[in-house]
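Student: Sequence:
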Amino acid sequence: MQEKKQFFFILLLVNFIMMCFFLYKGKAAILSFEAAFLASCLIIFSSFYSYQKNIFKTVKKNPANKIKRLIFEKKTNKNIKIIKFYEINDDFKIRFKDRLKHLSWFFAIFKMLSYVFLVLLFFILNRHNLLNISAFLLGVTVMPVAIFIFMLWVRYVKS
Numbered sequence: 021m022q023e024k025k026q027f028f029f030i031l032l033l034v035n036f037i038m039m040c041f042f043l044y045k046g047k048a049a050i051l052s053f054e055a056a057f058l059a060s061c062l063i064i065f066s067s068f069y070s071y072q073k074n075i076f077k078t079v080k081k082n083p084a085n086k087i088k089r090l091i092f093e094k095k096t097n098k099n100i101k102i103i104k105f106y107e108i109n110d111d112f113k114i115r116f117k118d119r120l121k122h123l124s125w126f127f128a129i130f131k132m133l134s135y136v137f138l139v140l141l142f143f144i145l146n147r148h149n150l151l152n153i154s155a156f157l158l159g160v161t162v163m164p165v166a167i168f169i170f171m172l173w174v175r176y177v178k179s
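Each residue of the sequence shown is one higher than the one before, counting from 21 in the numbering used here.
If you're looking for bench data, these hints aren't it; they were derived computationally from the structure.
Nothing here was measured: the structure is a model prediction, and the numbers come from that model.
Be a bit skeptical, because a hint or two may be false.
DMTMM-like, lysine to aspartate or glutamate: derived pairs with alpha carbons at most 25 Å apart [stated by the list, open to error]:
no., residue 1, residue 2
1, Lys-25, Glu-54
2, Lys-178, Glu-23
3, Lys-73, Glu-23
4, Lys-24, Glu-54
All chains, full assembly: derive it from the sequences and hints.
Tutor: Spelled out as structure tokens, the structure:
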């Protein structure tokens, strides 16, 4: 929980620094920056929610105690190890059914609506002559920059 607070603090700090950078460029730059920032946050959180929901659904369908071990299973009886090997598919071809399942994970409706929201914001800002391309692009990149800073923070400060 503490790491989540630190991440959101870093995210807000990076957002604030970028906002201060765009203060002298005017209302259009600030509006473009914040619109892109909020849309990119919505995309990332909807992706997280979509994948989390699908993973929980898969785990409920296949509890850990029912899943067969893919490679081998060890049984120990009086210091004797009996290893049973199971056949696995070595050609690594994904079945069509699995491909459809993974595509449905990627093309989740909430995530697609988030991308549509980003594109609509771009067109709306452009139509009202409020679009600043550099501010819009930097608004989209705030989240990856904050993730990179948080990764460095966790790696060097925590250890």
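Student: So if I understand the rule, the pair passes when the alpha-carbon distance is 25 Å or less; does Lys-24 with Glu-54 pass?
Tutor: Judged against 25 Å, a Cα distance of about 22 Å means the pair holds.
Student: Checking one constraint from the list: CA of Lys-73 to CA of Glu-23, max 25 Å. Satisfied?
Tutor: holds (22 Å)
Student: Keeping to a limit of 25 Å between CA atoms, is the pair of Lys-25 and Glu-54 held or broken?
Tutor: holds (21 Å)
Student: Measure nothing beyond the straight line between the CA atoms of Lys-178 and Glu-23; if it is 25 Å or shorter, mark the hint as holding.
Tutor: holds (10 Å)
Comparing the model with each numbered hint stated earlier shows that all of them hold.
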